[in-house]
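Model the placement of chain B on the given structure of chain A, informed by the hints.
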Amino acid sequence: MSISGNQREVLRHSSAQLPVTIFAGMREIWAHKFRSLLTMLGIILGVSSLVSMSALVSGMEKGAREALIAIGGLEKVRVEPQALPPEQRHLADQAPGITMNDVLALESSAPLVTALSPEMRLSATLSANGKRYRPWICTGVWPVALDMYEHVIAHGRMFNEIDDEMARNVCVIGTATRDELWGSPEKAGREIIPIGETVFINDTPFTIIGMFQHYESEQERKIREYEKQQGALNQKAPEGGVTRDRGRGGRGRSRGGFVFALKNATVYLPMNTVWMKFRSGAAFTGAGGSSPFGGSGSGGSVGDPRLSGLEIRLASFDQLAESLQQARNVLMNTHKGIEDFSFRTQEDWAEQINMFVRNARLSGGLIAGISLLVGGIGIMNIMLASISERVREIGIRKSVGASTGDIFVQILVESLVIAVLGGLAGLVASFGLVNLLGSMSPTENAPVVTVGAMIVAFSFSVLVGIMAGIFPAIKAARLNPIQALRYE
Amino acid sequence: MPLVELRNVSKIYHLGEEEIRALDDVSLDIEPGEFISIIGPSGSGKSTLMHILGCLDSPSKGTIRLDGMMIQDASSRELASIRNRKIGFVFQFFNLLPKLTVLQNVELPMIYSGVSGRERTRRAMQALESVDMANRARHRPSQLSGGQQQRAAIARALVNDPKIVFADEPTGNLDSHTGETILQLFRSLSQQGRTIVLVTHDPEIAAVTPRRIEIRDGKIATRVDTTLAGLDRLRGPESGMVQSS
Chain A
1 MSISGNQREV
11 LRHSSAQLPV
21 TIFAGMREIW
31 AHKFRSLLTM
41 LGIILGVSSL
51 VSMSALVSGM
61 EKGAREALIA
71 IGGLEKVRVE
81 PQALPPEQRH
91 LADQAPGITM
101 NDVLALESSA
111 PLVTALSPEM
121 RLSATLSANG
131 KRYRPWICTG
141 VWPVALDMYE
151 HVIAHGRMFN
161 EIDDEMARNV
171 CVIGTATRDE
181 LWGSPEKAGR
191 EIIPIGETVF
201 INDTPFTIIG
211 MFQHYESEQE
221 RKIREYEKQQ
231 GALNQKAPEG
241 GVTRDRGRGG
251 RGRSRGGFVF
261 ALKNATVYLP
271 MNTVWMKFRS
281 GAAFTGAGGS
291 SPFGGSGSGG
301 SVGDPRLSGL
311 EIRLASFDQL
321 AESLQQARNV
331 LMNTHKGIED
341 FSFRTQEDWA
351 EQINMFVRNA
361 RLSGGLIAGI
371 SLLVGGIGIM
381 NIMLASISER
391 VREIGIRKSV
401 GASTGDIFVQ
411 ILVESLVIAV
421 LGGLAGLVAS
431 FGLVNLLGSM
441 SPTENAPVVT
451 VGAMIVAFSF
461 SVLVGIMAGI
471 FPAIKAARLN
481 PIQALRYE
Chain B
1001 MPLVELRNVS
1011 KIYHLGEEEI
1021 RALDDVSLDI
1031 EPGEFISIIG
1041 PSGSGKSTLM
1051 HILGCLDSPS
1061 KGTIRLDGMM
1071 IQDASSRELA
1081 SIRNRKIGFV
1091 FQFFNLLPKL
1101 TVLQNVELPM
1111 IYSGVSGRER
1121 TRRAMQALES
1131 VDMANRARHR
1141 PSQLSGGQQQ
1151 RAAIARALVN
1161 DPKIVFADEP
1171 TGNLDSHTGE
1181 TILQLFRSLS
1191 QQGRTIVLVT
1201 HDPEIAAVTP
1211 RRIEIRDGKI
1221 ATRVDTTLAG
1231 LDRLRGPESG
1241 MVQSS
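Protein chains in written order, with the numbering used here: chain A, 1 to 488; chain B, 1001 to 1245.
Extracted from the complex, chain A is given alone in its bound form (with noise of 0.2 Å):
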């Protein structure tokens, strides 16, 4: 005998070819149509729904970053009057609130603070043209407000230090104020400028000398563009039906929205003006219900103007903490001690953005994820009827040379090729899934379908497609042949 008894030859045995099996596996699902289909549709709608909730969130976080930035970014920071720490209480008769001198004092000592903007804020009526009205802020500021908040004045022009020394009755208004008493341009069909008109504040006559631009969410402008389109195309449009009201409505539901409102909804007053004309009524104990932010404590002397708040601006975000505590030495300072003051920073807002998006992420991408999933147990389950009808082939396959292997593999790749073509079919559907949920739900803020997310959910797909096929695939290869043959 040439060869030793126990010598075996190991023979390589090359694996099917990927091409022709991922063909047969086409095949396959192309012979059950219907039933591929169904298979499919837990993958489509899996994927579907996971890339749309990301949308969804995206689109909300990109609103809402849209509106941190309108209101002047991280490095804005709110000094803000406080109740003082129980420590300190007994000293409440000596706090002094926050004045000029602590602007003049920041301002000096604290290179750390590029801008101060202080407020004095007022609880205003207006009224002119026979209408009154109430703006969500009406406040004598510096006119360096307008750099601050991220103004941008369209008609007329800010009033400058010279109004502001001279205490001039001027006034710079937002589009709400002209359209609650002049009408609105898509109400009246024109653009209404009322510069250089009068209007009572508090019935004291102040002369507008600039307007803001009208301030609007991406989403928002897009809405009025579009209707306004639409009244353009059927001239006698039903009255009043084409304005911006119909946004407005949806503002108040997140607070991007908001900010945008609250922005035109602004009056500002040259702060000496208010200091000189409204000492008495100026809100500083927060009176006057339509301010959101607190007031401090009655008092004080009448030299010092006393501040409703003030804004400052710090020379980088990276410093935050440092500028903080140089202010807060400053303030520590001119305050003799009393902690009556506090920062509120945009870190919070950003912070609470990013906490809102990974839970939005989290809880829409879990509820996805488990529909995906039943999408993947249904592919198994699929895959195993699929394999119970196809013993005999099995066994043929078998018994031609196919190894154990080779039916994994094939089996695997059918798996794995319902799984792909659900996930790209899913990811098609996510396009018309989105601009559903956009039409059904017209929040300001437009899904943003993002390729991250794409990818994600497409891989998940295939992932699932694996985890879905292994165990009937295991189960095919260990099929012994000659039973499989016998199989009818």
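If you're looking for bench data, these hints aren't it; they were derived computationally from the structure.
Being a predicted model, the structure only gives us computed values, none of them experimental.
Using N, Cα and C, we set each Cβ at its ideal position, and we do this for glycine too.
Misleading hints may appear alongside valid ones.
[Unchecked claim] Each pair of labels, with its calculated beta carbon distance range: (1) A:Met467 with B:His1014: 28 to 38 Å; (2) A:Met26 with B:Lys1219: 43 to 53 Å; (3) B:Asn1135 with A:Met26: 25 to 35 Å; (4) B:Arg1118 with A:Lys33: 22 to 32 Å; (5) B:Thr1181 with A:Met26: 35 to 45 Å; (6) B:Thr1181 with A:Ile466: 40 to 50 Å; (7) B:Glu1019 with A:Leu41: 44 to 54 Å; (8) B:Lys1061 with A:Lys33: 36 to 46 Å; (9) A:Arg35 with B:Asn1173: 22 to 32 Å.
[To be verified] Derived BS3-like pairs (lysine-lysine); straight-line CA-CA distance at most 27 Å: (10) A:Lys33 with B:Lys1099; (11) A:Lys475 with B:Lys1099; (12) A:Lys187 with A:Lys131; (13) B:Lys1099 with B:Lys1061; (14) A:Lys62 with A:Lys228.
Only chain B this time, still in chain A's reference frame:
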């Protein structure tokens, strides 16, 4: 050297307490180019013998040498590879895959041996021509008669140029005339030097082969049973056995 060398092969099944010897200490040689039939009533163990010879099953005891390799302890992967390259099967119920065309069915073994697409088609057509089925290559099995299906199955068995072909009741599902033509086909294959093992319960069919092995109760009863009817009627020329090596 024999192509197949069975030594003291047993296949034992356990049914609860009972021990069933499907094959009991069988020794057998098959020379290259031989045309041989294994006969026996159902339950005799002839199918078990064929499964072990055909590498579909492993023996409980004993050794098998196939084409110089000891395969009694081979893994299922190795057995699959041996089935793929060295063995062809022809079954009673043809066992063609109904969803594939005749050509694709014949290509199937080559898919598992990694033959490239073009070469696969070429060789499959060649095999179909050799059984006179080339003109039916694009048909589905369901569009063919039984005899045509069996010829396609024979083409599939031959396409990887196996060392040995097992035919398990190849005429069992055909009318007698068609069965006759299939047996003729096997005879002519044998004359071309193929090693063919015919498994049947029918002595008349077994009569076409020069050598017959009868299995009874798991043992080889008679090497050559001369009492069988029509022994010499269909006997092919012995020369076919000699020319292959």
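Verification of the hints:
1. A:Met467 with B:His1014: 28 to 38 Å: Taking Cβ atoms as reference, A:Met467 and B:His1014 lie about 37 Å apart, which means the hint holds.
2. A:Met26 with B:Lys1219: 43 to 53 Å: holds (50 Å)
3. B:Asn1135 with A:Met26: 25 to 35 Å: holds (28 Å)
4. B:Arg1118 with A:Lys33: 22 to 32 Å: Once the Cβ atoms are compared, 30 Å apart, the range 22 to 32 Å for A:Lys33 and B:Arg1118 holds.
5. B:Thr1181 with A:Met26: 35 to 45 Å: holds (37 Å)
6. B:Thr1181 with A:Ile466: 40 to 50 Å: holds (49 Å)
7. B:Glu1019 with A:Leu41: 44 to 54 Å: holds (53 Å)
8. B:Lys1061 with A:Lys33: 36 to 46 Å: violated (51 Å)
9. A:Arg35 with B:Asn1173: 22 to 32 Å: holds (31 Å)
10. A:Lys33 with B:Lys1099: Roughly 14 Å between the alpha carbons, so the hint for A:Lys33 and B:Lys1099 holds.
11. A:Lys475 with B:Lys1099: holds (22 Å)
12. A:Lys187 with A:Lys131: holds (16 Å)
13. B:Lys1099 with B:Lys1061: violated (39 Å)
14. A:Lys62 with A:Lys228: holds (24 Å)
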